[in-house]
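First to last, the sequence lines map onto chains A and B. Here the numbering used here is used: the first residue of the first sequence is 1, the next is one more, and so on. Here the numbering used here is used: the first residue of the second sequence is 1001, the next is one more, and so on.
Don't read these hints as lab results, they were simulated from the structure. Check the hints yourself; a few may be wrong.
[Said to hold, decoys possible] Some chain A residues flagged as far from chain B (calculated, every beta-carbon gap over 10 Å):
| hint | residue |
| --- | --- |
| 1 | 25 |
| 2 | 29 |
| 3 | 31 |
| 4 | 172 |
| 5 | 179 |
| 6 | 193 |
| 7 | 227 |
| 8 | 299 |
| 9 | 302 |
| 10 | 304 |
| 11 | 380 |
[What the hints assert, rightly or not] Footprint (simulated), chain B over chain A, 3 or more residues, beta carbon under 8 Å:
| hint | segment |
| --- | --- |
| 12 | 183 to 190 |
| 13 | 276 to 290 |
[Claimed, not checked] Selected chain A positions facing chain B (Cβ under 8 Å, derived; list incomplete):
| hint | residue |
| --- | --- |
| 14 | 16 |
| 15 | 24 |
| 16 | 26 |
| 17 | 32 |
| 18 | 175 |
| 19 | 233 |
| 20 | 305 |
| 21 | 334 |
| 22 | 374 |
None of the values given here were measured: they were computed from a predicted structure. Every residue, glycine too, gets a C-beta built ideally from N, C-alpha and C.
Residue strings, one per chain:
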Amino acid sequence: MTTEHPNSYRSGPDEKGHFGIFGGRYVAETLMPLILKVEQAYDAAKADPSFQAELDDYLKHYVGRPSPLYFAPRLTEHFGGAKIYFKRDELNHTGAHKINNCMGQILLARRMGKQRIIAETGAGQHGVAAATVCALFGLDCVVYMGTTDIERQAPNVFRMKLLGAEVRPVTSGTATLKDAMNEALRDWVANVEDTYYLIGTVAGPHPYPAMVRDFQSVIGTEVREQIMEAEGRLPDTLVACIGGGSNAIGLFHVFLDDSDINIIGVEAAGHGIDTGEHAASLTGGRPGVLHGNRTYLLQDGDGQILDAHSISAGLDYPGIGPEHSWLHESGRVSYVSVTDEEALAAFQLCSRLEGIVPALEPAHALSHVARIAPDLPADHLLVMNMCGRGDKDVFTVAEALGVEL
Amino acid sequence: MSAPNNGATSGRLEARFAALAAEGRAAFIPFIVAADPTIDATLGILKGLPAAGADIIELGVIFSDPMADGPAIQAAGLRAKAGGANVRQTLAIVREFRAGDDTTPIILMGYYNPIYIYGVDDFLRDAKAAGVDGLIVVDLPPEEDSELCLPSLAAGMHFVRLATPTTDDQRLPAVLDHSSGFLYYVAIAGITGTASATREAIHAAVRRLKNHTDLPIAVGFGIKTPEQAAAVAQVADAAVVGSAIVQLIADNLDDNGQPAENLVDTVLDFVRLLADGVRSARPQAAD
Chain A
1 MTTEHPNSYR SGPDEKGHFG IFGGRYVAET LMPLILKVEQ AYDAAKADPS FQAELDDYLK
61 HYVGRPSPLY FAPRLTEHFG GAKIYFKRDE LNHTGAHKIN NCMGQILLAR RMGKQRIIAE
121 TGAGQHGVAA ATVCALFGLD CVVYMGTTDI ERQAPNVFRM KLLGAEVRPV TSGTATLKDA
181 MNEALRDWVA NVEDTYYLIG TVAGPHPYPA MVRDFQSVIG TEVREQIMEA EGRLPDTLVA
241 CIGGGSNAIG LFHVFLDDSD INIIGVEAAG HGIDTGEHAA SLTGGRPGVL HGNRTYLLQD
301 GDGQILDAHS ISAGLDYPGI GPEHSWLHES GRVSYVSVTD EEALAAFQLC SRLEGIVPAL
361 EPAHALSHVA RIAPDLPADH LLVMNMCGRG DKDVFTVAEA LGVEL
Chain B
1001 MSAPNNGATS GRLEARFAAL AAEGRAAFIP FIVAADPTID ATLGILKGLP AAGADIIELG
1061 VIFSDPMADG PAIQAAGLRA KAGGANVRQT LAIVREFRAG DDTTPIILMG YYNPIYIYGV
1121 DDFLRDAKAA GVDGLIVVDL PPEEDSELCL PSLAAGMHFV RLATPTTDDQ RLPAVLDHSS
1181 GFLYYVAIAG ITGTASATRE AIHAAVRRLK NHTDLPIAVG FGIKTPEQAA AVAQVADAAV
1241 VGSAIVQLIA DNLDDNGQPA ENLVDTVLDF VRLLADGVRS ARPQAAD
């Protein structure tokens, strides 16, 4: 473990896309020239005020930003400790934080003149968001999705089709998110000329982890303003769930240099870390190279990637964004894990006490909030990212609870 | 090029290309995946390859997520995993082959993570000792040279770089820098075992590369028949065939996924046809 303490936790990555030893560009030569072009185009867009203005306009009028920062009174009372706030990114158009990133990247793809968009999806939230922005701009959209996920996220599959996207089932490997990403990369290699790969999380080769983080940082930027308005000061604790980690980094990033803030990422422990059936890359994995970057991965002793497991399709990935690996090793962010069962309990609790049916992903975050909130003082401000709504999960939850619909 | 070759290579690859240049013909390079479907089957095929006309051998090291490979090699990887393949086992296979053949170069081809987890220094030491002559690692572009390319060159292990249709003239010098042994031209923008480039496109590409380097140029991806191999061998210094051979292995397994009785012979017969195609490509070489 490195114990270096940089002057800023917000300055990464370096020009080669590294966060400490993590990140980088581990891709086939065929893709390298294109990835360099994406980087150049993104750098140019960042420096162009009209790009941000256009993005802001769509975020406001199409996505529905800013999303509210909501004080959750009944959960606060129930836990009997910290003041619980939810960042309501589940209220975004399409029902999750994923659209923040898709809107940014689709504007970039348009600037690059790309007509065809490919994406990978696990829970289907990113696929739906990608299909949505493609419909908005009249671009062709192909979404790769594992057959296991297609089965457990049927409503989202139909939504993508309604939006005009082609959903291509992926049967290789475990037929989940990692395999969908492999297949999307294979498509991209074969269609470099006209195709833009709209990666849905803070993973992949540089510049994706930094670019997706930047587009998701609207979450934390808004929270900073909203909590100042509500409480006149910054929060004490931030909590978010982590699969690839885009909603979490989106909330965390603007606060990383506020050293008094306790920042916690919640991984999916599936059936339990000790069962081997989980998706907690930091807790149960070690550094390796997959999908274009070095990061913590679930893998065996031979460097073969292992299958992840989580009841939440959106967390079911054997890796994690490289910046999280770096924040983990530098100690700035604490990473914990929550099992399927714990997440299910939090899912139900939130529905009953706040009238908010959370997605299974943020239900993991809420479960950790339930662990820590009772022991925190009443003036402790805790902000949790409610990064998605649970409509897509009602069938999965019903099945897990033994309810026949 | 300016490769920091401070470790002596095995010399087998240099000797082989020099001999072929003197003969005036291209090399034929077959690819199979180590332990597909069993270690014994791989050894049977490997030991027969030189006599069947293989000049250099590419041996695939399995990885669970082979992003640059099509269905045939993906399936081979799954079979090999069931057959007990890992890096250590692959090196053991090379060691046994090397005990009976000290001249045919062996190049390992795969992805970085299994090597990274094995440990770069340990891997280079063990691979060299086993008789490996070079490496092709798909997901290590020049941008990540410090990971394995530079340590390989320092250890006297060839690091064979991939150039592709998307590698334009501006980028090509970066790809050539530190490339050693030969340059592997990926004939299509795509994954293995799918589309084939036209003969004209391949010829133009090889001519372009030869303007930039003196390294031998091997061409692979989409070469499936003796005729295609011959067309490549007219201009390139080597023709690589992978998926077509690997598919033949898949087609010669019994119901339990074990090698059918004639598997090794069937594969070697096909290799002979491919090698004959390469050897007949340039008329002057026949005499």
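Cross-check of the supplied hints:
no. : hint       : result
1   : 25         : violated, 5 Å
2   : 29         : violated, 5 Å
3   : 31         : violated, 8 Å
4   : 172        : violated, 6 Å
5   : 179        : violated, 8 Å
6   : 193        : violated, 8 Å
7   : 227        : holds, 40 Å
8   : 299        : violated, 7 Å
9   : 302        : violated, 4 Å
10  : 304        : violated, 4 Å
11  : 380        : holds, 42 Å
12  : 183 to 190 : holds (count 4)
13  : 276 to 290 : holds (count 3)
14  : 16         : holds, 6 Å
15  : 24         : holds, 6 Å
16  : 26         : holds, 4 Å
17  : 32         : holds, 5 Å
18  : 175        : violated, 13 Å
19  : 233        : violated, 43 Å
20  : 305        : holds, 4 Å
21  : 334        : violated, 26 Å
22  : 374        : violated, 41 Å
Hints 1, 2, 3, 4, 5, 6, 8, 9, 10, 18, 19, 21 and 22, counting from the list given before, are not met by this structure.
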